[in-house]
Each structure stands twice: as structure tokens, then as C-alpha cells.
Amino acid sequence: MAPLKGLERNYPLIDSNFQKFCATHGIFTLEDFLVHDIYLLAALAERDYASDKLKQGITQILTILDCQSRPCINGLELLKDAENNKCVLSTGCERIDALLQGGLRGGHVTEIVGPSSSGKTQFCLQAASNVARQYSGRVMYFDSGNSFSPKRIAQFLHSSDRPSTKASEVSKKIMSNILHHSIFDIFTLLDMLHQLVTNLKTQVDYQVRILIIDSLSSLIAPVLGGGGVHGHGLMVSAGFLLKELAHEHNLSILVTNHMVAGEAGMSKPALGESWKNIPHVRLMLSRRHGTNVSSISLLKHTYLESRIQFSFIQLCLVAQDLEAHHKRSIVADM
Amino acid sequence: MEISTLPISASQRGKLISAGYTSLSSLSSLSPSSLAQDLKISETEALQILKVASQRNGLNKFENGSRAIVNGAQTAWDMLHEEESSIRITTSCSDLDEILGGGISPKEVTEIGGVPGIGKTQLAIQLAVNVQIPADYGGLGGKAIYIDTEGSFMVERALQIAEACAQDMLEYNSLLRKDFKPCQVNKEPKEFLDNIFYFRVCTYTEQIAVINYLEKFIFEHKDVGKVDYLEVKVIIIDSITFHFRQDFEDMALRTRLLGGMALKLMKLAKKFNLAVVLLNQVTTKFMDGSFQLTLALGDSWAHASTNRIILYWNGNERYAYIDKSPSLRSASASYTVTGKGIRNSASNCKRVKLM
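So the protein sequences, as listed, match chains A and B. For the first sequence, position 256 (counting from the first letter as 1) is numbered 256 according to full-length UniProt numbering, and the numbering increases by one without interruption. For the second sequence, position 345 (counting from the first letter as 1) is numbered 345 according to full-length UniProt numbering, and the numbering increases by one without interruption.
Because the hints were derived from the structure by calculation, they are not lab data. Keep in mind that the hints are not guaranteed to be accurate.
[Stated by the list, open to error] Stretch by stretch, here's where chain B covers chain A in the computed footprint (C-beta under 8 Å, at least three residues):
| # | segment |
| --- | --- |
| 1 | 136 to 150 |
| 2 | 187 to 196 |
| 3 | 210 to 222 |
| 4 | 233 to 245 |
| 5 | 272 to 279 |
Note that CB positions come from ideal geometry on N, CA and C, so glycine has one too.
Whenever a hint applies, use it, and build me the whole structure from the sequences.
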């Protein structure tokens, strides 16, 4: 059948004779091989007339299976990896950095949840501009709602630098490190993530610092539910792919999620229970109606105490009059 | 299981998995005829499945010499220049234009909602006319697609607004372009109507079907090399709520359909560089201890658009308030609906209120 047949091309030991032998014992795929008793199979192979070849075939399959498993790693190596490779990226706002004890950590998938117009996109844009400015390496921005605003990024960059003639050159260099991609369905997202994984493995000098997906929930919402579990499967595979990306390539990943109505009139994050455990860090934003004050709280963290909350003022200024208006990015205020 | 991440139909996926094909590598060196035999499907279907799988496989292979980490990505610097040179659709009311940063911007989905009678359809008709203002007068010079779900589009009103717009252009021509060569483009009001494509939909399935069809439609009406040929530059849907609001039993289905529709519209806006304007109705919501006016269709839909504008009454005046935008400041401005269309309001205490 399919998998064992497919291996024949690359591994000539797994010829039709071997496949027939396996088929008589109900083994058609590699997974079936894992379930069976190997010793029993070897003993049965002994009794067969072409026993040597069959035993070689079994050894070959076992080697293939070994290559597919992950290498073992101990706690000390993990600690060294965490200290040397997984650096912390500042978000550009001191208080939020303090809340996260440093900022967005490499190897973590951070999720921002909030109702409409609470500041999620602004947070993403500010994080993007700050990471591009302070650290070397690229910023990948996957945008599903055409809400990436290069004008706003330029505003964030100019607010912290003194206006000078070199400013535009510096801006150009910084903004050329922010790569934007528009994604409009979940399958394209999975394709892009696979492509990123392959390219990062093979191009070692190309460093991506942070991947921002705004917003992940609008990509997943059209496939989630409807009686089937396929949508959940796609969501969870996307989540695992993100975690693999983050861990293997020391990226920090930032995704946004929206809120839906929960019980007793309270809102809860969208995407359900299956998604809840996938991000490492969950931050919740909420905005007081009619003002531009938002508050942020930590819903979940792998090693910090959660439910800390504080408010910050979100100022959005139109960059029409650069000299007249005094621009400030997201500043924190207790 | 990698097969589940391929964009194929559920029945094809079921057949593949039950036949034992769970990974991409199992499909890599297979011929269409053997796959068709195995799954008991037609050869064309098998070819289609293999094409999709090889596309994903192709992405997994490293291409020598390709420096782009992800194909098709654009840097923020390039986007900034593109954005600076893009022209917005004016609303004919300078206060509104000011808070919108010049007008409705292309490549974005703008949602406009308001109580009945506030002037949503009037604004929509004004935009359908204004998008056709030629480039010489600072407009986009494009066609409009108007998808009407409520039946509130009045042709006579559109003609009236078009006449006013043509007259304004003539005045502009005579007053401000005296020293330059006079603009030869003098639009007849009826020409404005010629460039509005009108679709009337009566059920939600028709609405979704029309949106699916739009990509093909716009592509067919793209620049065919003729001089003065206009492309579609705005899609107006008046209103997206109407067929989804009443008698929809399955709320989860509604959320999925709306989410899918929003993504398709975003894709159209980005791909063809046009503006999408969605009109919505309002509802009240109990928030922070009081009843607030919000746009209909729920919380999930709230994230579907790029910009959200709420139209409301303040005393006797009509106001527009920017509720959500990635680059515009929260502000409100007043406007009026006159015989000529949307214009500045003539009140004394008129002032752009910033948050």
C-alpha cells in the first residue's frame, strides 16, 4: 500500500517480496510497523526462505524510523540554549516590557486578545518598528486585514529619533527590514510557514527576529466549527508549526486574536478551548469606551504570575503636520 | 497528518486518508492514473490533487539562489512610497475628508454604519460618483460596482448627484485652471451612470455568489490597452447586513460565512488596488454600564474590516465618527445631505472634534 510502496524507490531493500511478507502480517505502513512486535516479526522472518533479506529489510525500516524521531536533550542544554539563543525583544513600551519581564521572548508564541479597536494592531505595529530599529534581523509581518500601515511605522520611528537629515536614510534602512505579506486564507498561511521553515533551515545568514500575524483569528474563523473537526485540525497544526518555528529558529512570534461573547455576558477570547493551550503567553487588551485609555493584563505565562493589570494611554496622531504635532507612541501610565 | 493541510475538498481528503495516503511524501512519486485507480476517482481529479501536493512539496524544497525568505513579500519602505502616491476617493465633504486623511483609501475595506435615515446610501452613491472623477481633477478615474441588497439605490438620485459633480468639475475647470490648457475631459452626467455596475441581490447565497464572481468580473474589465479605459476602483455593498440579520438560525454558520466573505473582499481590495466600502446597520449593546450604539453582525465581524466609521445624530446634525483605523486618529466631523449630495454642514459651531 501507499507508504511502504513509496519507500521502495529510495530503499531497494524494501522490495515487493518484503512488502508481501509484511502484508501477510497486516503491516502496510510505517505506523503499522511501530505497533507490531518486532521480535515476533524477526522470528517469523527467520522461518521464511529469504530470511536474510527480510531481516535486512526490517533493520532498514528501523533505521528510517530512528531518523524520524527527535534527538534527546537534557535540562542543562536547554538552559544554555535559553540563555544564549533565545533573546528578549523589547516591545517599545517600558511598562509592557516590565509586565513581560523584558519583552517578547524568542521561542515563545505570544498572543494578544482584545475586542475591536482596543489597540492590537497598534501594539503589533509598534513592536514591529521597535524590533526593526533596535535589533538586527528581519521582521516578518503577515497581515490578513490590510491593516499594516507603513505611515504609522514611520511615525513610530520618527517619534524616538531627533529630526535630522540622516533620519530618512536610517528610516529607509530600518523599514527595509520589515517584510510584509498579505495572507487571506489558512492554507496560504500554512504554505508560508512551511516555506519559512525550509528557508530558515537552509539560509543560515538570514535572520528573522520576529513574526507577527495580524490577525490569526480571522484566518481560522471561516474554517472553525460546522460540525467537522477539520477546522480544529488546521488550527492546531498551524499552532504547532508556529511553536516549532519559534523554538527551532529562535524567533519570537506575535499573533492577534479577537473576542467573542461568552457566558453571562462576559467576553472571552475566540478560537475556543483547543487554542487556549497553544500560545506560551496570552495578553488581554481592553479599552474603555469613548476614551483612548486601554488596559493590558497577563492571562497566561509559562513562568510569570498572571492577572497583573495596568492601563496605558494610546495616542494616535495623524502625521499631516510633522512640526506642529508632538508625536508619542504607546506610553504606559498607571 | 500533512494531507489535512492541503486545500482539497473534504470528500477527496477522506478518500486519500482511507486509502492510506497520510503524508505528502506518499504522493510525491505517484502517477495520476495509479492514484485515480486507488481512490476510484477520475484522472483529472487525481491530477488536481497531485498538483496541489507538488505545489506544497515545491515550497518545501530549497531553491538555489533565491534570496527572498518568503516569495512575494514587500518591505515597509516600498509600501510607504506606494501609500504616499495613492489617491483617495473624496466624499465631497471636506471635513469628512480631513478626518479620513483625504478620503476613502484604496486597498482597504472601510465599513460605514449608522441608524436608518442618516445618509448611508447617500454617501454610497456619492462615492460611486466621485470615484469616476478623472485623474486631472485629482480623482481616481475609475468605475464603481454597486451591490444592492436592500433595494435602496435610486437611479434618479444618482443622476442628480452626477449632475452636481459634473457642474463642480466645470466650475473648477473655469476658476482654477485658467492659465493651464483647459481640461478636455468634460463628463456628461449620463456617462457617470454608465460607469456604475449595479448588482441586485435578494438572498445571502446570491450575495456570497456575487462576491465570488467579482474577481472574474473585475479581471475581465481591467485595462485592455485602450486609451481612456477605466478600471473598477471601488466596490460598494449596501448593505452587507440585510440578508444576514433576520431568520438566520445557525449563528456559527453566519460567523463562518461572514469571515470568509470578509477575507475575499480583503483579497480583492489588495489584488486589484481598489477600495471596498461596506454599509452596515446598527444595534445597541450593553457595555460599561450603559447602552452604546455599535455596528451590527457581532464581535467577530467587527474585526473583518480595516476601518470602521459610525454615522450618528447629534442634535439636528449628522456626524461621522472613526471607530477603528490602523492609521487614523479617532475623530468626528459633521456633514449634511443636500440636493447635490454629501456636503459640508453649514452650522456655526462646526468643528472637527478630536479624541
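Here is how each hint holds up against the structure:
Coverage of the segment 136 to 150 of chain A by chain B holds [criterion: at least 3 residues with CB-CB distance below 8 Å; count 10]. With 7 residues having a Cβ less than 8 Å from any Cβ of chain B, the segment 187 to 196 of chain A passes the three-residue criterion, so the hint holds. Counting residues of the segment 210 to 222 of chain A whose C-beta sits closer than 8 Å to any C-beta of chain B gives 6, which meets the bar of three, so the coverage hint holds. Given as covered by chain B, the segment 233 to 245 of chain A passes the check, having 3 residues with a CB less than 8 Å from a CB of that chain where 3 are the minimum.
With 0 residues bearing a CB less than 8 Å from a CB of chain B, the segment 272 to 279 of chain A misses the requirement of three and the coverage assertion fails.
The structure fails hint 5 only (numbered hints given earlier).
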